[in-house]
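Participant: Sequence:
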Amino acid sequence: MRPRPPIQGRGIFSGTGLILTGLAATLAALVFPIWSYADRSGTGVDVLNAETVSTQYGPLSALDREFVTKVRLAGLWELPAGRQAQAKGTTEAVRTAGAHLVEGHTFLDERVRAVASRLGLALPNEPNDQQRGWLSELDAAQGVAYDREFANILRLAHGRVFSVVAQVRAGTRNSLVRGLADDANTTVLDHIKILEATGYVDFDALARDLAADSTPPITRAPAPPGPTTNPAPAVPAESASASAASPTYPLPPAAASPPPGS
0 MRPRPPIQGR GIFSGTGLIL TGLAATLAAL VFPIWSYADR SGTGVDVLNA ETVSTQYGPL
60 SALDREFVTK VRLAGLWELP AGRQAQAKGT TEAVRTAGAH LVEGHTFLDE RVRAVASRLG
120 LALPNEPNDQ QRGWLSELDA AQGVAYDREF ANILRLAHGR VFSVVAQVRA GTRNSLVRGL
180 ADDANTTVLD HIKILEATGY VDFDALARDL AADSTPPITR APAPPGPTTN PAPAVPAESA
240 SASAASPTYP LPPAAASPPP GS
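In numbering that gives the first Met the number 0, the protein residues as written are 0 to 261.
Quick caveat, the hints were computed from the structure, so don't treat them as lab data. Everything numeric in this text was worked out from a predicted model, so none of it was measured. Idealized CB from N, CA, C, for every residue including glycine. Among these hints, one or two may not hold up.
[What the hints assert, rightly or not] Label pairs and their calculated CB-CB ranges: (1) T89 - S135: 16 to 24 Å; (2) G119 - N48: 19 to 27 Å; (3) E125 - A86: 16 to 24 Å.
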């Protein structure tokens, strides 16, 4: 029997199919990255939008709500700590620091409760576990050891919240939270200064603790130049014709201030 000649059309169709399959695969490879990039979630803006709610005072983000809660929590343990320092402090500087804590957080607690009420936010009524632990440490300490523990525990706590205040004040879109951040900034900075004035703050330990709390960047930026034996004088930032006098305009005050004498 003579063998059949090959069917030419079958080869043509087979080759065409391979070409079409290859083109489809190439198109999918080109389209998929664009689709996946446009549809991805989890970026900072996505999280901000997902966790933000609308209020009559402006958008209220998750960070805003966390800040309001932290202001309330600060008063719940720093008020009793301040009263205790007024009674247990062995130096006038420590007792004065305690008075500043009491006055400042009495003021801030009234403010944060008013803000939370207008925003419809629930607030805690008890310190958290870490804050209760700090209060227990202060309860157990006596004499100069108490002074040192008080100054360093409170200074560390204020340093941690100070960065949160700055972040919220820089980015919040809510007018009530913005005003509260102004007041918190004024009060927390006052407390930082008065705690340092006790002379008991261990700045080396403080720097290590705050550095341990922070998250290092994925790619480290080059460090600025360190101290040199004979640094060249820096050129003034303003032009030669600009006046070197201080600005004549005053800085705006905080939205509200603690009562006089704080």
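Participant: Are the hints correct? Go through all of them and say.
Facilitator: For each hint, the structure was consulted:
Between T89 and S135 the beta carbon distance is about 20 Å. The supplied range of 16 to 24 Å therefore holds. Take G119 and N48: their Cβ atoms lie about 20 Å apart, and the range 19 to 27 Å holds. Taken as a hint, the range 16 to 24 Å holds for the pair E125 and A86, whose Cβ atoms sit roughly 22 Å apart.
Checked against the numbered hints listed earlier, the structure breaks none of them; every hint is satisfied.
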